[in-house]
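Using the sequences and the hints given, assemble the complete structure.
Chains as they are written, first to last, in the working numbering: chain A, -7 to 583; chain B, 679 to 1088.
Listed next, the in silico PhoX-like pairs over lysine-lysine satisfying Cα-Cα at most 25 angstroms (straight line):
#1 K33(A) <-> K954(B)
#2 K954(B) <-> K224(A)
#3 K252(A) <-> K503(A)
#4 K457(A) <-> K390(A)
#5 K35(A) <-> K710(B)
#6 K390(A) <-> K459(A)
#7 K896(B) <-> K3(A)
#8 K119(A) <-> K133(A)
#9 K298(A) <-> K243(A)
#10 K105(A) <-> K727(B)
#11 K84(A) <-> K106(A)
#12 K954(B) <-> K35(A)
#13 K407(A) <-> K262(A)
#14 K710(B) <-> K82(A)
#15 K163(A) <-> K106(A)
#16 K898(B) <-> K3(A)
Which chain A residues face chain B? A few, computed with CB under 7 angstroms, are given here:
#17 V28
#18 F30
#19 Y31
#20 Y34
#21 K35
#22 K37
Since the hints were derived computationally from the structure, they do not count as laboratory data. Backbone N, C-alpha and C define an ideal beta-carbon position, used for all residues, glycine too.
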Amino acid sequence: MLKAANLIPQKRLLVVSGVVIMLMLSLVIRFFYLQVYFYEKYKQKAEVNRIRAIPLNAPRGLILDRNGEIIVDNYPTYVLTVIPGEMVNKSKNFQIISQCTGIDSTILESNYKKYYRGRFLPSRIAKDLTFDQLSRIEEHKSELTGINYSQFPERYYSGKINASHLLGYVKEVDQTLLKNLDVEGNYLYGDLIGWRGLEKKYEKHLRGEKGVLFVDVDAFGREMGHSIDYQKVIPVPGNDLQTSLLIPLQKMLEELLEGKQGVVLVSSPKTGAMLAMVSKPDYSPDLFTGTTTIEEWQNIISNTGKPLLNRMTHGLYPPGSTLKMITAMALMEKGKINYSELINCNGVYELGNRQFRCWKEGGHGSMNLEQAVAQSCNIYFYTIVQRLTLDEWAVACKTFAFGELTEIDLSSEAKGIVPNSSYMNKLYGRWGWSKGHLLNLSLGQGELVVTPLQMVQYINILAMKGKAPRLHVVEGAITKEKSINYYSQKTWNRMEKFMQNVITSVYGTGKRANPNITGLTIAGKTGTAQNPHGEPHAWFVGYGEKNNELVSVIVLIENGGHGGEAAAPIAGRVFKFLFSTKENMKLAFTS
Amino acid sequence: MIQLFFLKFKESTISILTIALLLTCAGLIILKSINSGLESNYFQQSFYKQLLFLIPAFFAFLVAFFIPRHTIHRYIYGVYGCMIILILIPFLGDQIASTYRWIDIGLPFGFQPSEFAKWIVVIALARYLSDHNLEMNHFTASLLPIIIVLIPAGIILNQPDLGSAIIIMIPVLPMLYWIGARPFHLFLIVAPLISILTAFHWLSFAIWAFIMMFVIFKAKPNLIFSVSTFFGNIFLGLLSPVLWGLLQGYQQKRILTLFNPEIDPLGAAYQIIQSKTAIGAGGLFGKGWGQGTQTHLKFLPVQESDFIISVVGEEFGFIAIIILLILFSYFILRTIRLAFIIDDRFSSLVLVGLSTIITAHVFVNFAMTVGMIPVKGLPLPFVSYGGSFLLSSYIMTAIIMNVSIDPKDY
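Spelled out as structure tokens, the structure:
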């Protein structure tokens, strides 16, 4: 217990006490130095000059299209800040400001609370002030102590194109947001932070570095000019972001899809660069910059078309007949199909006690694989897909990167579902599903769902015959190659020929995608996907080639009806736009 | 019972308590000055809140003073265990001010268990070092005490609270020295830390290597030991930039701001600028109570707790600073003196440890306001505003008075 006796040599007492005394003496010397020796210097500084630190905001980087045209810009606005500790009469001040600017004083009050950082730090109470409003405030400057204004680079969306889902938006950092922020970097209230889309994905790249200006202030809080003692830190603007978009094409497609619900994606299969990305309905990209009224907001929220949903990355759809190439290629590669083999389509196919129908009621008559692809005969595919097991079919789907992320450089995307036997077992039980499900799946119906972006990847792999670079929006984004060595060159070539037939043959379903430009060859496939929400979704996927330049297009019109009628003509417009004039080809293909 | 209490009180070193009370009064005067001109109601003002905090502090003082020394000795390991759990609890809750320092106890104010960890660790350490008749000539004898210290310090460092973590780690050095550890061994404890820190600057690393060589040469341990110590440290130093490179950018930044908050020009550097201006402008006699322009235009941040010395410096001048330093020095030197006189080793070690805590707080707090060291959020004992720390300070005072009485049967 407390038995250990204490025998401390006196030397240790002296050493320990000595250390304490030394520490205390060093403090005394330091305070003497400041308070007595340098008294005059600091006295002057405190009496005449007080230093105020003013943050200098750095503008975010611009977002550009592939030819350097500006999509997202900044424009200077004025913000009103208040230093709470210097304000003499808050309610009176707010009243004056309210009269000068027309902003309700309750809004000022709530902003004051929202952005309050401390009694000596400026907190923002109003933004987006015009020069008029400012000059009226300036007239009352003598009554308004502690009120200052500064320039603020606000985000400005050029209005040339919407591309709202792609660009995303910036959000203002406020107290609640800051608490839950898990992004690295030093954010203050009122700062802008990329919250969706490219603005979020490339936040680090776009965001600048703030500067600080130290100004001297007199006893009344009036600014007396820059402080000599403390160096200004110059803000560093953010880096510009060059995207691969083509503004005129994007613009044309946005107008073309106005009033519809759907997606059009145009890409360059050789590089994986996206030329146009349209998801409709969309919203104006400056919706989130803070000038939106509650009414406008309500309109967006209550819209049944879900304009906030990014259909390109998060819309999950049955791909319909556009998937037939997968079944065909898997069978061709395995040698389980004879190209001259004829199968008769009379409009109905019976398996067990279930009936499966072809989209053409009378039936297509007797046809081979080439004709079945061109005319999208269902009965033909019902018959041949039974030569595969569900798992073989699922593996074939995965070779085209379905069921996995495209890894495009956007903030998030959905994965989709490729069902295999273990998935079906989980869903329906070991004996709860049958070959009939496979028949359905082979036509891109049922449990299989894909995102439009995955469809772009799919068609790019077909266009590049197995070696397609990953999709990307920003030039210079690191892209890996998605490469498939699963199919032989012969199979690829044959598939391409079949898909060209879809466009060129007399009965081809994709005829209307052809703008009839000399030298342009198009390969494609239409799809008409049944869904529980009414009319079928119309699909067209395809690629065109002229003078060794490749472009792939996918079109999805929700509840649009037949793919050949609703989707293919839009793809035709894209091909026409890109390949009909030399100027447009130059815009799209030189980088 | 009450008679017994008075008897014990009379025999204790009352001057220690007198100083604590004087310092508390000084703190209240300054808080009142800071509050003057504030429109808010009484219970939002730090002056009245601090007065309110004195009530629990008084009772805590009585309890800590009256508990017999052998009871403290017997239960301190249990208390240490509970303390470890307590400092882990804030990690389960939400972050407050983006740290895990506080426990929300459903009252209008939170509770900071790390304040209590400081003196609990010291007492636990004192028990360990006094119970075991350690052969202090051996380096291994210093290892377990270091582990006792490192566990809570590591947890608190993660809160993150570098200031408190340092305060918890520091007492182990004087305490080991006090009971006869060789200064060379203490050097060995500190060496790896310095190796890591200096490794980022080749010149300081080279100088440090020479110092290390010199010290090892002077201490003359056996050859294998000296060589392994030297090269172990060099290796650690060379390794640390590599490990640093493996960290993510934001992790590096977090660590850098921990050590040097001045990286953020709107934050700490600004505070130091303002604090120095305020103190310098105070001069010899200060501007007078409530007259500090820097204070009253609210240029100074956290002036009620961490930067309260800036207010003292501005309004009461150099004289007041000297008086405060004399009071603190008396308190500390008196405690060390008691540690020298006292007969049992446990009490002696407790006294040394507690005086180290107070010294570290005082030095860091004063030094930071004048820019001698980077900003560390450490309050000034008795003077700064803050409930947990006031309570903790009075408990430490009580324990100092308690264990310094001649060990009879109190």
